[in-house]
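J.: Protein chains in written order, with the working numbering: chain W, 1 to 185; chain C, 1 to 185.
Hints are computed from structural coordinates only; laboratory data are not their basis. Hints should not be assumed to be uniformly reliable.
[What the hints assert, rightly or not] Far from chain W, by Cβ distances over 12 Å, these chain C residues were calculated:
#, residue
1, GLY25
2, ALA86
3, LYS100
4, ALA117
5, ARG136
6, ASP154
[Unchecked claim] In silico EDC-like pairs for lysine to aspartate or glutamate, Cα to Cα no more than 16 Å straight-line:
#, chain 1, residue 1, chain 2, residue 2
7, C, LYS181, W, GLU170
8, C, LYS185, C, ASP101
9, W, LYS185, W, GLU23
10, C, LYS140, W, GLU23
11, C, LYS140, W, GLU147
12, C, LYS140, W, GLU52
13, W, LYS71, W, GLU147
14, W, LYS185, C, GLU170
15, C, LYS71, C, GLU147
16, C, LYS185, C, GLU23
17, W, LYS140, C, ASP134
18, C, LYS140, W, ASP134
19, W, LYS150, W, ASP101
20, W, LYS140, C, GLU50
21, W, LYS140, C, GLU23
22, W, LYS140, C, GLU52
23, W, LYS181, C, GLU170
24, W, LYS91, W, ASP101
25, C, LYS91, C, GLU170
26, W, LYS185, W, ASP101
27, C, LYS185, W, GLU52
Quick caveat: nothing in here was measured; it's all calculated off a predicted structure. All C-beta atoms, glycine included, are put in the ideal place defined by N, C-alpha and C.
The primary structure of each chain is shown beneath.
Protein chains: 2
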Amino acid sequence: MTKRLRAGAKRALPLSRVYRLLEPGPVVLLTTAQRGRANVMTMSWYTMLEFEPPLVGCVVSNRNFSFAALKGTRECVINIPTLELAPQVVKCGNCSGRRKDKFAACGLTAEPASQVAAPLIAECYANLECRVVDARLVTKYNFFVLEVVKAWVDPKVESPRTIHHRGRGEFMVAGRTVRLKSRMK
Amino acid sequence: MTKRLRAGAKRALPLSRVYRLLEPGPVVLLTTAQRGRANVMTMSWYTMLEFEPPLVGCVVSNRNFSFAALKGTRECVINIPTLELAPQVVKCGNCSGRRKDKFAACGLTAEPASQVAAPLIAECYANLECRVVDARLVTKYNFFVLEVVKAWVDPKVESPRTIHHRGRGEFMVAGRTVRLKSRMK
C-alpha cells in the first residue's frame, strides 16, 4: 500500500521554506540513532520558533526510548508522512524501540542523511535534518530546541495529505487549500 | 457570513481534553487585555507541553502589539476559529492593534472570560483561558509557557473545519477524520 519513494526523488528545500511544512501541524516521525542503532517515534507536540535559521521546539518525553538518543547525540530528523503511511505511523506510536527494530516492525526504510547520523525515512515526502541547539527546558518539560540544518522534499507533492492527531485514534486528514490575501509570512 | 454564537451556547470542556483541540495545529486567535484595552492576534506557532494541567508553549513576537500585554498581565485566551472566520483571521493578521480596535476592525465579538481579564471571542467554537506560568525562554525566543485554566467549547461542533497556515496566504482546511487502532493518548 505504501508508495515507496526511490532515493534521489527528493530535492533540497531552501531552509527559509521549512516553516511552511511544519506550521500546519502534521504528525511527524522523529528519527534518532545512537551506537549504530536507529529508532523512530511519532510526534505531534512541536512548534516553529524562528523562520531562519529554522528553529523548532519539540517535546520528546523521557518515557520514550528516543529521549536518551536525542539528548546524547543532539541530532535527529523530522520526517513528514502523508495519509498512505497512517498505518505505519500508528504502529510506531503503539510500540517501543526498546525491544525491537521499529523500522523493520513498521515497514519503514532508513536512508542516510547528509548532516546528521539519524536516518531519513524514505517513504515520507519531506525530511528535516536537525541538531539540538538549546536544552534548557528539557529537565522541566522534555522540550528540545532544534535547528533544521538541511531539508529535503519530494517536489511532486504539492498539497500533501498530511495527518493531524486528534487523540484517541482520531486523525484529521488535510483537506483542500484556500488562498486569501494575507500579508502574514 | 459569520455564524455568530450566542453567549451561553458553549459548555465547559474538561481540561484533560484540551490537547485534542490544539494538537492538530489549527490557526488560533490570541486575545489579551491591558488597561481596559483588548487586543487580538493570529498565532500558529504553539505546541502542547503537558496533558494535565494542560500546558501550552507559544511564540508571541516582541514585534506584536500583544507581546507587552501578555508579558505584563500574564493572561490571555486562545480562541479557535473555523473556516467561516477565515476572512477575519486574515484581517487580524494584516493589521496591528497599536493603532486600532481590532475587534471592531475585524468584526469579532469580545465576551468576558471567567478566570482572566482577556476576552473570549464569541464567534470561535472553542476558547481556552490561560495564564503564563514560565517566561524563561521569552528573552531568547519570545516563547511563553501557558497553563490553560478554563476551557469552553461549542458542543454542536464535532469535526471543526479548522484552518491551518501554510504561509503566503495559503491555508489548509481540515478534511475528513480517519479512525485507527491507536494506543496513543
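J.: Confirm or reject the statement that ALA86 (chain C) sits farther than 12 Å, beta carbon to beta carbon, from all of chain W.
T.: Not fine: 6 Å to the nearest Cβ puts ALA86 (chain C) too close to chain W.
J.: What's the verdict on LYS91 (chain C) and GLU170 (chain C), does the C-alpha distance respect the 16 Å limit or exceed it?
T.: With a Cα-Cα distance of about 14 Å, the restraint between LYS91 (chain C) and GLU170 (chain C) holds, given a limit of 16 Å.
J.: For the pair supplied as a hint, LYS140 (chain W) and GLU23 (chain C), confirm whether the alpha-carbon distance does not exceed 16 Å.
T.: Violated, at roughly 20 Å.
J.: For a C-alpha distance cap of 16 Å, please report whether LYS181 (chain C) and GLU170 (chain W) respect it.
T.: holds (9 Å)
J.: For a C-alpha distance cap of 16 Å, please report whether LYS150 (chain W) and ASP101 (chain W) respect it.
T.: Violated: LYS150 (chain W) and ASP101 (chain W) sit about 25 Å apart, past 16 Å.
J.: With a cut-off of 16 Å on the C-alpha distance, tell me whether LYS185 (chain W) and GLU170 (chain C) pass.
T.: holds (10 Å)
J.: Beyond 12 Å from chain W, beta-carbon-wise, is ARG136 (chain C)?
T.: violated (7 Å)
J.: Between the alpha carbons of LYS71 (chain W) and GLU147 (chain W), is the straight-line distance 16 Å or under?
T.: holds (14 Å)
J.: GLY25 (chain C): least C-beta distance to chain W exceeds 12 Å?
T.: Since the minimum Cβ distance to chain W is about 1 Å, GLY25 (chain C) lies within 12 Å and the statement is violated.
J.: With the threshold set at 16 Å, check whether the alpha-carbon distance from LYS185 (chain C) to GLU23 (chain C) stays at or below it.
T.: Holds, at about 11 Å.
J.: In terms of Cβ atoms, is chain W entirely out of 12 Å range of ALA117 (chain C)?
T.: holds (25 Å)
J.: Hey, LYS185 (chain C) versus GLU52 (chain W), does the alpha-carbon distance stay inside 16 Å?
T.: Outside the cut-off at roughly 33 Å; violated.
Going through the hint list in order, the structure does not satisfy hints 1, 2, 5, 8, 10, 19, 21, 26 and 27.
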